[in-house]
Amino acid sequence: MAKRILSFTLNGKRHDGVVPDNMLLLDYLRERLMMTGTKTGCDGGECGLCTVLVDGTPKLSCLTLACSVEGKTVETIESLERDGRLAAIQEGFHLKLGSQCGYCTPGYIMAAEGLLRRNADPSIDEIRAALGSNICRCTGYVKIIEAVQYASVRLRGLKAAA
Amino acid sequence: MDALHEFDVIRPKTVAEMLAARKAHPASRLIGGGTDILVNIRRGIEKPPVLIETNEVSELRTIAADANEIVVGASVKLAELAQHAAVKARYPAIAEAADSIAGPTHRNMGTVGGNICLDTRCIFYNQSEWWRGANAHCLKTVGQMCHVAPKSKGVCFATFSGDLAPAFLLYGGEIDLAGPDGARTVALRDFYIGYSKQDGSTGDGRNYMAIKPGEIVLRVRARNVPGLVSAYDKIRIRKSIEYPVAGVAAAVKRAGATLADLRVAFTGTNPRAVLLDGTAALCGKPFSDATLAALDDLCRDQLMSMKTTFTPGTYRRRVATVMAKRLVRRLWDTAA
Numbered sequence: 001m002a003k004r005i006l007s008f009t010l011n012g013k014r015h016d017g018v019v020p021d022n023m024l025l026l027d028y029l030r031e032r033l034m035m036t037g038t039k040t041g042c043d044g045g046e047c048g049l050c051t052v053l054v055d056g057t058p059k060l061s062c063l064t065l066a067c068s069v070e071g072k073t074v075e076t077i078e079s080l081e082r083d084g085r086l087a088a089i090q091e092g093f094h095l096k097l098g099s100q101c102g103y104c105t106p107g108y109i110m111a112a113e114g115l116l117r118r119n120a121d122p123s124i125d126e127i128r129a130a131l132g133s134n135i136c137r138c139t140g141y142v143k144i145i146e147a148v149q150y151a152s153v154r155l156r157g158l159k160a161a162a
Numbered sequence: 001m002d003a004l005h006e007f008d009v010i011r012p013k014t015v016a017e018m019l020a021a022r023k024a025h026p027a028s029r030l031i032g033g034g035t036d037i038l039v040n041i042r043r044g045i046e047k048p049p050v051l052i053e054t055n056e057v058s059e060l061r062t063i064a065a066d067a068n069e070i071v072v073g074a075s076v077k078l079a080e081l082a083q084h085a086a087v088k089a090r091y092p093a094i095a096e097a098a099d100s101i102a103g104p105t106h107r108n109m110g111t112v113g114g115n116i117c118l119d120t121r122c123i124f125y126n127q128s129e130w131w132r133g134a135n136a137h138c139l140k141t142v143g144q145m146c147h148v149a150p151k152s153k154g155v156c157f158a159t160f161s162g163d164l165a166p167a168f169l170l171y172g173g174e175i176d177l178a179g180p181d182g183a184r185t186v187a188l189r190d191f192y193i194g195y196s197k198q199d200g201s202t203g204d205g206r207n208y209m210a211i212k213p214g215e216i217v218l219r220v221r222a223r224n225v226p227g228l229v230s231a232y233d234k235i236r237i238r239k240s241i242e243y244p245v246a247g248v249a250a251a252v253k254r255a256g257a258t259l260a261d262l263r264v265a266f267t268g269t270n271p272r273a274v275l276l277d278g279t280a281a282l283c284g285k286p287f288s289d290a291t292l293a294a295l296d297d298l299c300r301d302q303l304m305s306m307k308t309t310f311t312p313g314t315y316r317r318r319v320a321t322v323m324a325k326r327l328v329r330r331l332w333d334t335a336a
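Chain order of the listed sequences is A and B. Just so you know, we're using our numbering here: the first sequence kicks off at 1 and counts up by one. Just so you know, we're using our numbering here: the second sequence kicks off at 1 and counts up by one.
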């Protein structure tokens, strides 16, 4: 079976590795790089737990072949915190109790991060639509939406202050 | 789910390279977003030795939509089609259908070609190898019997669930194909051959596309009709994600109190996308409750949903019919 050298930007740094053609991006991140922040859920595109950003767009890493991110930019939940400070969206999930058991949270945070980058001031309906590929069995979603709203306000505040 | 079997991936940059790869590997399958085929591979349904990834073929990633025609490349992402300003303005049913497919993350991955060729689905088919094996498999894989219709005599009833097909059917959709014998364009109506009482087609849920070995879908196209207003609606178990329980695309043209044109197409009901026959006979007359009653009859006759999903076939046929009538009524009211 073919293997290939894979080069892509992972969380801001260039990464080179060797992957077999039949390896999924999720398995590459978790099993090879030991970056276990990205979670495995249904393994079939039904839950959104494995969401990562590829070139800034949310994608399901459980249905992405690792070899297909050649030359692209991949961002995982591990990329958000800076110098020990939580990103706005992480802070939102923390302060607004958007996370209960926490297993779905990395997927939600990456999907929300993708939304906030393209739309800094989303409406509730836009938040709901953007998080439609993710599933949470604990929160009932209200707190998750509040967390995204918090992050949106905070990010716009930071922008205005800068 | 099971681990992936061993396969090679080829990542062509041009259509010529794609065709060459297809020719060199007759048992290969195409992969775009992977949201359909990778799930099937993980369930042990398919074991292609080679996957040809279509995402880097830039000539298939363009959308052109003007007042006369819409042409969409097979590698265009569903999210790109759903958000395209000219498509939203001129071909609303197509944009709405694209926007209703699965969830937002899936639409960032899935492609137009993948949705047009979406594998037919069935509760006895979209299961793990272990599950299917415990049930003696089914006609669509290696089994001897259709569990949905045990007396089907070799006919598979798996349901076609792509959302784009009915929307393109409204506008006389066509598909550009390329293969070892050259390029050809096929009407979308003739492309889907899944078994239907009406046309006596030889296809079924297993053999649902009129595509020849080695052929690939390059583009899907459709022509605009001045004055036609269209929309798409669907019902599903989870509203934010999921394949359709039933989906309906409708288009209406209004001339004062007269219904000038009516087109209705469905997905999620038959082993193929269904463009309703007989709607022309309802046109040229004033729009009334009788129009909707006649539409009801056409649906009852031509939709043949079976128990291929969690909901009973009768429910899906009724819900598809009600959605069609509501949608046509709404389009009539909004069409000036």
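Don't read these hints as lab results, they were simulated from the structure. Treat the hints with care, as some may be off.
[As the list claims (entries may be wrong)] As a list, the in silico DMTMM-like pairs of lysine to aspartate or glutamate whose alpha-carbon atoms are at most 25 Å apart:
(1) B:K47 to A:E70
(2) B:K88 to A:D121
(3) B:K239 to A:E31
(4) A:K72 to B:D8
(5) A:K143 to B:E242
(6) B:K47 to A:D43
(7) A:K72 to B:E80
(8) A:K3 to B:E6
(9) B:K88 to A:D43
(10) B:K47 to A:D27
(11) B:K13 to A:D55
(12) B:K47 to A:E31
(13) A:K96 to B:E56
(14) A:K3 to B:D8
(15) B:K239 to A:E70
(16) A:K3 to B:E17
(17) A:K72 to B:E17
(18) B:K239 to A:E126
(19) A:K3 to B:E80
(20) B:K13 to A:E70
(21) B:K47 to A:E46
(22) B:K239 to A:E46
(23) A:K72 to B:E242
How the hints compare with the structure:
1. With a C-alpha separation of about 24 Å, the suggested pair K47 of chain B and E70 of chain A falls inside the 25 Å cut-off, and the hint holds.
2. With a C-alpha separation of about 23 Å, the suggested pair K88 of chain B and D121 of chain A falls inside the 25 Å cut-off, and the hint holds.
3. Proximity of K239 of chain B to E31 of chain A is assessed by CA-CA distance (about 33 Å); at most 25 Å being required, the pair is judged violated.
4. For the suggested pair K72 of chain A and D8 of chain B, the alpha carbons sit about 20 Å apart, so the restraint of at most 25 Å is met.
5. A C-alpha spacing of about 24 Å is found between K143 of chain A and E242 of chain B, which places the hinted pair at or below 25 Å, so the restraint holds.
6. Of the pairs offered as hints, the one joining K47 of chain B and D43 of chain A holds, with about 18 Å between alpha carbons and a cut-off of 25 Å not exceeded.
7. Restraint check for K72 of chain A and E80 of chain B: satisfied, since their Cα atoms lie roughly 18 Å apart, inside the 25 Å limit.
8. Under the criterion of a C-alpha separation no larger than 25 Å, the hint pairing K3 of chain A with E6 of chain B is consistent with the structure, at around 11 Å.
9. As the CA atoms of K88 of chain B and D43 of chain A are separated by approximately 33 Å, the hinted pair breaks the 25 Å bound.
10. Restraint check: the Cα-Cα separation between K47 of chain B and D27 of chain A comes to about 19 Å, which is no more than 25 Å; the hinted pair holds.
11. Using a Cα cut-off of 25 Å, the hinted pair K13 of chain B and D55 of chain A holds, with the two alpha carbons roughly 19 Å apart.
12. Between K47 of chain B and E31 of chain A, the direct Cα distance comes to roughly 23 Å. Compliance with the 25 Å bound is thereby established for this hinted pair.
13. Between K96 of chain A and E56 of chain B, the direct Cα distance comes to roughly 41 Å. Violation of the 25 Å bound is thereby established for this hinted pair.
14. Only pairs whose Cα atoms come within 25 Å are accepted, and K3 of chain A paired with D8 of chain B is accepted, the gap being roughly 8 Å.
15. Among the hinted pairs, K239 of chain B with E70 of chain A is inconsistent with the structure: their alpha-carbon atoms are about 34 Å apart, more than 25 Å.
16. For the proposed pair K3 of chain A and E17 of chain B, the alpha carbon gap of about 20 Å is at most 25 Å, so the pair holds.
17. Under the criterion of a C-alpha separation no larger than 25 Å, the hint pairing K72 of chain A with E17 of chain B is consistent with the structure, at around 22 Å.
18. Between K239 of chain B and E126 of chain A the CA atoms are separated by roughly 15 Å; this keeps the pair inside 25 Å, and the hint holds.
19. Of the pairs offered as hints, the one joining K3 of chain A and E80 of chain B is violated, with about 32 Å between alpha carbons and a cut-off of 25 Å exceeded.
20. Of the supplied pair hints, the one linking K13 of chain B and E70 of chain A holds, its CA atoms being roughly 13 Å apart against a limit of 25 Å.
21. Between the alpha carbons of K47 of chain B and E46 of chain A the distance comes to roughly 22 Å, so the proposed pair stays at or under 25 Å and holds.
22. Distance hint between K239 of chain B and E46 of chain A is fulfilled; the C-alpha atoms sit about 13 Å from each other, no more than 25 Å.
23. Using a Cα cut-off of 25 Å, the hinted pair K72 of chain A and E242 of chain B is violated, with the two alpha carbons roughly 28 Å apart.
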